[in-house]
Amino acid sequence: MRDFVSERARAIPPSGIRRFFDIAQTMEDVISLGVGEPDFVTPWCVCEASIYSIEQGSTAYTSNKGTPQLRGAVSRYLDTRFNTRYDAEEEIIVTCGVSEAADIAIRAVVDPGDEVLVAEPCYVSYTPCVSLAGGVPVSVPCRAEDEFRLTADALAERITPRTKVLIANFPNNPTGGVMQEADWRGIVDLLVDHDLLLISDEVYAELTYDGDHFSPAKIPELRDRTITLNGFSKAFAMTGWRIGYLCAPPEITAAALKIHQYVALCAPVMGQIAAYEALRIGEAEKDAMVREYRLRRNLFVDGLNKLGLSCHVPKGAFYAFPSVESTGMTDTGFAEALLREQHVAVVPGSVLGPSGAGHVRCAYAVSRDDLKEALSRMGTFLESIK
Amino acid sequence: MGEKDRILLQLLEENCRTPLSELAVLAEVSEEDVRDRIGRLEAAGAIRRYGAVVDWERAGDGKVTAVIELKVSPERDFGYDRIAERLTRFPQVRSLRLMTGIYDLQLLVAGPSMHEIARFVSEQIAPMDRIRETATHIIMKTYKENGTTFAEREEVERLPYSF
Numbered sequence: 006m007r008d009f010v011s012e013r014a015r016a017i018p019p020s021g022i023r024r025f026f027d028i029a030q031t032m033e034d035v036i037s038l039g040v041g042e043p044d045f046v047t048p049w050c051v052c053e054a055s056i057y058s059i060e061q062g063s064t065a066y067t068s069n070k071g072t073p074q075l076r077g078a079v080s081r082y083l084d085t086r087f088n089t090r091y092d093a094e095e096e097i098i099v100t101c102g103v104s105e106a107a108d109i110a111i112r113a114v115v116d117p118g119d120e121v122l123v124a125e126p127c128y129v130s131y132t133p134c135v136s137l138a139g140g141v142p143v144s145v146p147c148r149a150e151d152e153f154r155l156t157a158d159a160l161a162e163r164i165t166p167r168t169k170v171l172i173a174n175f176p177n178n179p180t181g182g183v184m185q186e187a188d189w190r191g192i193v194d195l196l197v198d199h200d201l202l203l204i205s206d207e208v209y210a211e212l213t214y215d216g217d218h219f220s221p222a223k224i225p226e227l228r229d230r231t232i233t234l235n236g237f238s239k240a241f242a243m244t245g246w247r248i249g250y251l252c253a254p255p256e257i258t259a260a261a262l263k264i265h266q267y268v269a270l271c272a273p274v275m276g277q278i279a280a281y282e283a284l285r286i287g288e289a290e291k292d293a294m295v296r297e298y299r300l301r302r303n304l305f306v307d308g309l310n311k312l313g314l315s316c317h318v319p320k321g322a323f324y325a326f327p328s329v330e331s332t333g334m335t336d337t338g339f340a341e342a343l344l345r346e347q348h349v350a351v352v353p354g355s356v357l358g359p360s361g362a363g364h365v366r367c368a369y370a371v372s373r374d375d376l377k378e379a380l381s382r383m384g385t386f387l388e389s390i391k
Numbered sequence: 006m007g008e009k010d011r012i013l014l015q016l017l018e019e020n021c022r023t024p025l026s027e028l029a030v031l032a033e034v035s036e037e038d039v040r041d042r043i044g045r046l047e048a049a050g051a052i053r054r055y056g057a058v059v060d061w062e063r064a065g066d067g068k069v070t071a072v073i074e075l076k077v078s079p080e081r082d083f084g085y086d087r088i089a090e091r092l093t094r095f096p097q098v099r100s101l102r103l104m105t106g107i108y109d110l111q112l113l114v115a116g117p118s119m120h121e122i123a124r125f126v127s128e129q130i131a132p133m134d135r136i137r138e139t140a141t142h143i144i145m146k147t148y149k150e151n152g153t154t155f156a157e158r159e160e161v162e163r164l165p166y167s168f
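Protein sequences appear in the order of chains A and B.
Numbering of the first sequence is given in the working numbering, commencing with residue 6 and proceeding in unit increments.
Numbering of the second sequence is given in the working numbering, commencing with residue 6 and proceeding in unit increments.
So that you can see chain B by itself, here it is in the shape it has in the complex (with noise of 0.2 Å):
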């Protein structure tokens, strides 16, 4: 990857809606140079969507999320690959990694309740075959999401002018 399709999508991944003139402007080059490359790297899959970060808490309507770990046996010849597409395919699953330590996969599971959450687990992924072992972690308060702060920080003073 070149140093202006970085610089793009980093522009992108913090503000998608930054305007093409704009993007031109800020990379040093042309605008249809912008238009090609951001349409090579959303062929080429670089850029998977756009979206937006949001405070659901916030925003009036806070969910419950839980960090789900998993422990899972692996499958001659898949590994955990098929285990983890069939948890990609639930919609509760916001994200799903696999890891090293203890346990083998982690998701990010978001639900209207508790209860919710709790049926999902126990109901939908504990009784799945080849997983062993599940561990659900509720998220209490979130600070931090993709780079965003979410706390409001007082601004420092800064003088208005200084040499």
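Chain A extracted, bound-state conformation (with noise of 0.2 Å):
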């Protein structure tokens, strides 16, 4: 029998934490700040409405682009939260998590050969989505210098003729890091000069410490260069509801919609329920979790610096990036005999992009004890590496 298993498949690597996975699954007391999601429960309010839906018969399908009461939602949010205007109509689709529309929006604008810039460290499904459309992904370093934002510098220096699209997440996972205004109107002229289009992954800008979220689509000359991603899963932690969406232009948005249709057919409609009554009365619990991560952000990261893990205070999403070259030890190395000997279970940088090697992404998103309980456990694996 031959090998069916196509070259485009076989040349996606392997997951990097997946040998951390199987040491961690042989413990009982790990304390995880490996994982990308909130501890929080989906609010109330939200499960109730979209428990009382199923009770109520609706198990059907949707309109491929998502139910016109939640496209306008989004529309009316997106308008009143950060100043971006989408036609709910024409410009909106709702996806099956960020991640679908990560790849529909990359599968709709990207070419074989056609160069794509990914601005990393960053969420690990882009580099291979560019690739499974037969793009190549071209990583910009974002440097902890810069407190992990993305330069002009840094954008020119790997642009070539071939260059089409650029990713970019802000803010960031597993950085924490936030692009103000500024910093967009610095990279504009670059795109603009050189033509290329923004897909912009907005997943985690409800979760912003230190000033609201700038979207980059606000910007006139990027409005129609750029493709906005956003979701539910992280601001009202519903992350196994499986609802994102996609925002851009008219034409782009009928050629993802193209493809949605095709491998979604349409988002799970309880879910849309669900994101539904997240915007119309989630908020406050929204903000209240917002609060929560911000106090847990100044517990941890205040005692990592305390501990010799030199961290930047992130300014956005729930993750903590130090550094761990002090110790001598690579990211992985590192990650690894935390996990073996103290049993708290941090993502190694390199993982998550070029740019991440020597940090470890830990995900403060869990209680306060266990923070505290994970920062002595820590201090307790630093003393014994002496």
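None of these hints come from the bench; they were simulated from the model.
Do not take every clue at face value.
[Unchecked claim] Capping the alpha-carbon separation at 27 Å, the derived lysine-lysine pairs in DSS-like fashion look like this:
{"id": "1", "chain 1": "B", "residue 1": "Lys76", "chain 2": "B", "residue 2": "Lys146"}
{"id": "2", "chain 1": "A", "residue 1": "Lys169", "chain 2": "A", "residue 2": "Lys263"}
{"id": "3", "chain 1": "B", "residue 1": "Lys149", "chain 2": "B", "residue 2": "Lys68"}
{"id": "4", "chain 1": "B", "residue 1": "Lys146", "chain 2": "B", "residue 2": "Lys68"}
{"id": "5", "chain 1": "B", "residue 1": "Lys9", "chain 2": "A", "residue 2": "Lys377"}
{"id": "6", "chain 1": "A", "residue 1": "Lys311", "chain 2": "B", "residue 2": "Lys9"}
Just so we're clear, the structure is a prediction, and the values are computed from it rather than from any experiment.
Got two chains here, separate frames each, mind docking them using the hints?
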């Protein structure tokens, strides 16, 4: 029998944390700072609306683009919250999480051989999705000394005549870095002069702690060369519902919709109903979660710095990204030893892009008690390797 | 009230044993500042008391608690205040509120036994001047108290790693 696995599937490297996963599975008392999801349960008002809709028999397909109610609510939300305007009919698709939105956005715009700049360290899906579309991913480093922002210099160096797209994620997973208006303004000329498209994954937009999120599509020169991705997972603690959305000018949205309707048909209806409810009445609970993340950030980042693991203060998302260079260990070595010896799970930064090397990602989306326990175990670990 | 005061009050309400140093880190102010602010909040009476939320049932000393509603004839010039003031003096009265609706005052009363509560209501509360009617509801089970859920809920399994 021949090998049926495609070249493209074969070319995708295996997950960099699989091994860690297997080790953690053998332990009883792991404190996991390794997850990219909130520890909160979805606000009860949101769950209840969805449960009721199921009881009422709302279990069918929806329009490919998503229910008109949800698209309308998303359109109003983006306008009031971030001052970006997207037409509910022509410019918004509800997707199965932002993961799907990123995939269909990439496939809608990338041709074989196109170079796609990926600002990293970042979420792991962009690079393989670009490769699956036949594109060539090119990483653009965001560095600790720039507070993990994307700079014009780093970008300019990597633009070639084949460059077509830039993928950026701010507030950033894993660094917690954010881009303010001035930071975006600093790269507008490059994007315009080289006629590039921006795919902006803003799934952490609600989780900012020092000033509101700035959405690049708000800049007029970028509005029609941007695909904005967002979703409900992080803001409303709704990871398992799988609801995200893609917003783009009509031509791009129409192209992405063709792909979406064949791969997903539509996002799950229960999730769409829940998401609508989250936008309608979930704000207070969302705000309370954001306040709690901020407290956790303060506690955890202070603790890391006191331990000698130097960590910039993340302004968004729920990750701390300390450097482990002071230990003389690699990020992978550190993460593995910490897990084996003290049962604390963190993600090595190099898994999230070459610029992540020397750092580990710690999600502070766990209770403050667990964060304190994790810090104490990390302290014991650091003592043991002195 | 400023944002920092609000944060400190919420933290103290959640756990009044949180050390000053930790409060300072959480609220992003100095320890000195935390001490000043708490002092001011105590002096202003915003912080009434530091206490624990006790599940007496589980502690093995289950008391009987009852909600008692009272219809009261208000007094000229004083309204409900004087009668309420008299009621607050009973140590059995754990909380007391003036309510809208059919009844006027609502009491939470705790006692060692059902019998004791019945005696307290019939002998001490009901005969008081200006009280026209009482309704006593024995509390059968407490599910949530001051924001704290009493029943144990099973932790939902989360993956140890995800991107």
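Hint numbers contradicted by this structure: none
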